[in-house]
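Asks: Here the protein sequences come in this chain order: A and B.
The first sequence maps to residues 1 to 124 in the numbering used here.
The second sequence maps to residues 1 to 124 in the numbering used here.
Take the hints with a grain of salt, since some may be wrong.
Just so you know, same-sequence chains aren't split out, so a pair can sit in one copy or run between any two.
[Stated by the list, open to error] The calculated DSSO-like cross-link candidates involving lysine-lysine, where the alpha carbons are at most 30 Å apart (straight line), are:
1) 7 <-> 109
2) 82 <-> 109
3) 109 <-> 36
4) 109 <-> 20
5) 36 <-> 102
6) 7 <-> 119
7) 68 <-> 102
Everything labelled a hint here was simulated from the structure, so no lab data went into it.
There are 2 protein chains.
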Amino acid sequence: MELDFSKLDGLVTAVIQDHKSGRVLMVGFMNEQSWKLTVETGYATFWSRSRKKLWLKGESSGHKLAVKEIFTDCDIDALVLKCEELGPGVCHEGYQSCFFRKLEGSEWKVNEERAYDPKAVYGK
Amino acid sequence: MELDFSKLDGLVTAVIQDHKSGRVLMVGFMNEQSWKLTVETGYATFWSRSRKKLWLKGESSGHKLAVKEIFTDCDIDALVLKCEELGPGVCHEGYQSCFFRKLEGSEWKVNEERAYDPKAVYGK
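Generate coordinates for the entire structure from the input sequences, incorporating the hints supplied.
Replies: Dropping the structure here:
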């Protein structure tokens, strides 16, 4: 389960895809430790670049991502993790997917309804 | 169509998904110029980190990616591009998707047959 962490300052790109619908839910980054934790625990764990710490997705919201299947690419520097969402949405803004904005002409338009109230979950 | 290129040294992550099956075909990176070219031309264009140049996917193989829909995430630093593959596969190793290896236990196993002969296309 070797990966190449050298190309992105110790990180690999991790695409999270809903295991049933195939929808891309989020994109995050994993360092070697978060990758090992992901495999060992079965829950997607990232390296937060902004907070500079390990980040078990769902640690505050409870909306964890249970990993069902894992794929890597030809360069072993990116991952696709097919996951089950343990919650209504992965996005901290209340949407099922972080990719809730679609390009329409030259503008980003919100393309779906919120799946939950982020204030009720995150208190902000 | 503003994006945040600041978090990854001038790049955003771009996930390419088959517009019909939803399969993740590849993950690449775009700088501002390749992003603009992608929107203007309708064909996925990346920044090659290894070759340090603009990279129209399919420029040598002919296997271009015709962009059908574009989504961005909450942080506007990642993209999902739903594309039609103009060829049998996007991977330079001959597979439909670059994500042809699946984690089985603790080992990466090739999970599919080649879709084309890379030697015939790339001559190597």
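Asks: Give a verdict on every hint.
Replies: Structure-based check of each hint:
{"no.": "1", "hint": "7 <-> 109", "verdict": "between (33 Å within a copy, 22 Å between copies)"}
{"no.": "2", "hint": "82 <-> 109", "verdict": "both (26 Å within a copy, 16 Å between copies)"}
{"no.": "3", "hint": "109 <-> 36", "verdict": "between (37 Å within a copy, 18 Å between copies)"}
{"no.": "4", "hint": "109 <-> 20", "verdict": "both (25 Å within a copy, 22 Å between copies)"}
{"no.": "5", "hint": "36 <-> 102", "verdict": "between (33 Å within a copy, 16 Å between copies)"}
{"no.": "6", "hint": "7 <-> 119", "verdict": "between (37 Å within a copy, 26 Å between copies)"}
{"no.": "7", "hint": "68 <-> 102", "verdict": "both (27 Å within a copy, 11 Å between copies)"}
Hint compliance for this structure: every hint is met.
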